[in-house]
Every structure is written in C-alpha cells, then in structure tokens.
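Asks: Sequence:
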Amino acid sequence: MKKIKVENAVGLKLAHDHTQIIPGKFKGVGFRRGHAVRKSDLPKLLDMGKKEVYVLTLRPGEVHEEDAARRMARAVAGRNLKLSAPHEGKVDFIAKTFGLLKIKVGALRKINKVGGAILSTRHNHSIVRTGDVVAGTRIIPLLIRETKIARVEEIGRRMGPVIELLPIRAKRMGVLVTGSEILEGRIQDRSADIVKGKAEALGSKVTRTAVVADDPSMIAAEIGRMKKAGCQVIVTTGGLSVDPDDVTLAGIRQSGAEVVFYGTPVLPGAMFAYARLGETVILGAPACVVHDPVTALDVFLPRVLADDPVSAEDIALLGHGGLCLRCPVCRYPVCPFGKGG
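For the sequence shown, the working numbering begins at 207 and goes up steadily by one.
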C-alpha cells in the first residue's frame with residue numbers, strides 16, 4: 207500500500223472506501239475501494255479532507271480490510287444470519303428470522319485479543335427481529351497479516367459457531383393459576399392475562415387456562431390434563447415462596463415432572479422454577495409477575511420457545527445482569543437485564 211498526494215492519484219485505484227460526512231445530511235461512502243481517481247474527483251476528495259490517499263499494492267502475507275472482514279464473518283457466523291457486503295471495511299451480520307441471539311462470549315473474547323481484528327455483537331440472549339443488525343466485524347488497519355486472520359478462522363472452527371440465531375417458534379401454552387383465595391373468588395387473578403400477553407408477544411398462544419386451590423394433588427392433576435390437551439409449555443403462577451401454604455413446587459413434582467432448577471439469581475423472580483415432564487416444559491412463575499413488568503419469566507420464556515437448553519452454568523451466569531433497574535420507562539428487551547450467560 208502506497209501513500210501519495212491526491213493530485214498525483216489521477217488514474218490510480220483507491221485502496222479502501224473513503225467516508226464522506228456532510229453534517230446533518232449524509233454519512234456514507236464517498237468513493238469505494240478500487241475507484242480509479244479522475245481529475246474531476248479532486249475537489250470532492252479535498253472537501254473530504256483527503257490531501258493524501260492510499261493506492262493499493264499488497265505484499266505477500268497481507269490481507270486487505272474488505273477481504274479480512276469477509277473471511278472473519280464467514281468464520282464465526284452460524285445459523286439464520288445473513289452477511290452484508292463489506293462497506294467502509296465492515297461486514298454486518300443480519301438476522302434472517304425472529305429469534306434468540308446466541309453468542310459464545312469466550313470465543314468472542316479470544317477473537318478480540320488477536321490484535322487488529324474486532325468483532326462487536328449485541329448482548330447474548332437478545333431477542334431480535336428479521337432484518338436487525340446483530341453484529342459487525344472489521345480490522346483496524348487497512349491491511350493485516352494473513353496469520354492474524356488465520357487465527358480468527360481457527361477460533362471459529364474450534365469454538366464456533368461464535369454467533370447464531372435460534373428461531374423463536376410458536377408453541378401451545380397452558381397457564382395454571384394456583385391459589386385458594388383466587389379459586390374462592392376472594393381476589394381477582396391478573397396473572398393469566400399477563401402471561402397470555404407475554405406469550406402472544408413472542409408468537410405463541412395460550413390454549414388452556416385453569417385455576418386450582420393450593421393443593422399439590424390438584425396442581426399435579428391439572429398439569430396432567432394440560433399436557434394431555436397438547437400444551438407444550440405450562441406456566442404456573444404463584445405458590446413458590448417459603449410460606450406453608452405455597453405448594454406449587456410440590457404439585458409440579460407430584461405430576462411426575464423433573465425439577466431442573468428452583469431458584470435463580472434474577473431479581474425480580476428469584477423463586478422461579480423450571481421443570482420438564484417428557485417433552486413438556488413447566489415454568490413456575492412467582493407472584494412477582496403480577497406487579498413487576500419484567501421478571502425471570504421474561505428471561506426464560508424466549509429460551510424455551512427457541513428450544514435453547516438451560517444448564518446450571520447458565521443459571522449461575524445470569525446473576526451478572528440479573529438485577530432489573532426498574533427504570534421509569536421500561537424498554538425491555540432492549541436493555542442488559544437477563545442477558546448474562
């Protein structure tokens with residue numbers, strides 16, 4: 207790569223995209239890589255502050271920024287992602303479907319320690335829509351050593367996919383409201399409508415709702431009926447604290463379900479439970495779902511609908527970012543809450 211005065215560049219090809227900025231009107235590519243400079247281009251280049259430009263002459267073992275970005279993007283991209291053409295040296299990763307973004311943070315960290323190469327992403331476990339840009343990659347200099355790009359590619363092969371998108375699928379859901387005070391009409395339930403709204407926002411549908419007393423046998427029996435009716439996900443509400451008449455967890459166990467975990471480092475929602483009865487997932491939502499707009503249910507429901515398994519390590523890592531800030535205007539899921547792991 208050779209640097210020359212702009213007036214001497216006529217007839218030569220530019221080594222990289224040149225960004226043009228017109229305050230308040232435009233920011234984008236003014237001249238693309240490979241553009242053969244014409245005499246008529248000189249005023250515009252000077253207006254862009256380009257008194258000198260690079261023309262491309264690659265030496266053995268060097269990789270241009272656009273080729274490097276393409277190779278790095280291909281090395282780390284997994285399912286349901288579209289890669290943009292390089293622009294100003296960068297390749298974007300674009301969501302091809304509505305889904306849950308998965309980032310292997312350890313691999314991301316290794317790539318960003320290679321030197322001269324960067325990969326930037328949204329938070330792990332972000333919910334994204336079709337067409338959203340979820341990540342971008344580029345190199346810092348115009349040229350980089352082949353060995354560094356090969357290192358990124360090796361990380362992608364060994365630890366990848368570094369970035370992928372799991373589709374959030376529509377599922378049949380049941381809502382099981384527990385509480386003798388609700389069954390007896392002493393108070394009105396709000397939790398079923400809240401869960402229904404969260405399900406519909408993610409493309410699923412509540413097909414069965416029931417209210418039962420604080421009785422493990424009744425809870426277990428209704429779980430069985432919901433499973434038989436085809437519910438793929440069952441959300442129980444309430445009855446998960448340490449009070450003596452909170453017996454929802456006992457009812458879940460009595461149904462034959464395996465309790466995968468009870469208790470999470472997520473606030474609100476610490477008393478959350480996750481169980482499996484065959485292929486049916488049971489989510490035990492504590493009473494906070496009624497009075498807090500965002501809880502552990504909002505963290506785990508998208509993962510269940512995306513068929514994303516949750517491990518003990520995942521649960522432990524959720525403590526980082528597991529505290530809801532209760533912002534005056536809630537913008538969840540565009541916030542760090544629940545993105546740990």
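Because the hints were derived from the structure by calculation, they are not lab data. In this text, a Cβ means the ideal position worked out from N, Cα and C, and glycines have one as well. Fair warning: there could be bad hints in the mix.
[Said to hold, decoys possible] Straight line, CA to CA, 25 Å or less: simulated DSS-like cross-link-like pairs of lysine-lysine:
#: 1; residue 1: Lys211; residue 2: Lys231
#: 2; residue 1: Lys296; residue 2: Lys208
#: 3; residue 1: Lys211; residue 2: Lys257
#: 4; residue 1: Lys208; residue 2: Lys219
#: 5; residue 1: Lys209; residue 2: Lys433
#: 6; residue 1: Lys296; residue 2: Lys250
[As the list claims (entries may be wrong)] For each label pair, taking beta carbons as the anchor points, the in silico distance ranges come out as:
#: 7; residue 1: Glu213; residue 2: Lys233; range: 34 to 42 Å
#: 8; residue 1: Glu213; residue 2: Met365; range: 43 to 51 Å
#: 9; residue 1: Arg414; residue 2: Lys231; range: 54 to 62 Å
#: 10; residue 1: Gly462; residue 2: Ser326; range: 22 to 30 Å
#: 11; residue 1: Ser517; residue 2: Glu360; range: 49 to 57 Å
#: 12; residue 1: Gly436; residue 2: Glu360; range: 44 to 52 Å
#: 13; residue 1: Glu213; residue 2: Thr336; range: 20 to 28 Å
#: 14; residue 1: His241; residue 2: Tyr538; range: 41 to 49 Å
#: 15; residue 1: Arg482; residue 2: His241; range: 54 to 62 Å
Asks: Each hint: holds or not?
Replies: Here's how the hints hold up against the structure:
1. Lys211 x Lys231: violated (28 Å)
2. Lys296 x Lys208: holds (22 Å)
3. Lys211 x Lys257: holds (6 Å)
4. Lys208 x Lys219: Holds, at roughly 11 Å.
5. Lys209 x Lys433: violated (70 Å)
6. Lys296 x Lys250: Given that 25 Å is the threshold and the Cα spacing comes to 23 Å, the pair holds.
7. Glu213 x Lys233: 34 to 42 Å: violated (26 Å)
8. Glu213 x Met365: 43 to 51 Å: holds (49 Å)
9. Arg414 x Lys231: 54 to 62 Å: Check passed, 56 Å falls within 54 to 62 Å.
10. Gly462 x Ser326: 22 to 30 Å: Once the Cβ atoms are compared, 46 Å apart, the range 22 to 30 Å for Ser326 and Gly462 is violated.
11. Ser517 x Glu360: 49 to 57 Å: violated (26 Å)
12. Gly436 x Glu360: 44 to 52 Å: Holds: the Cβ-Cβ distance is about 46 Å, inside 44 to 52 Å.
13. Glu213 x Thr336: 20 to 28 Å: violated (47 Å)
14. His241 x Tyr538: 41 to 49 Å: holds (45 Å)
15. Arg482 x His241: 54 to 62 Å: holds (59 Å)
Checked against the numbered hints above, the structure breaks hints 1, 5, 7, 10, 11, 13 and satisfies the rest.
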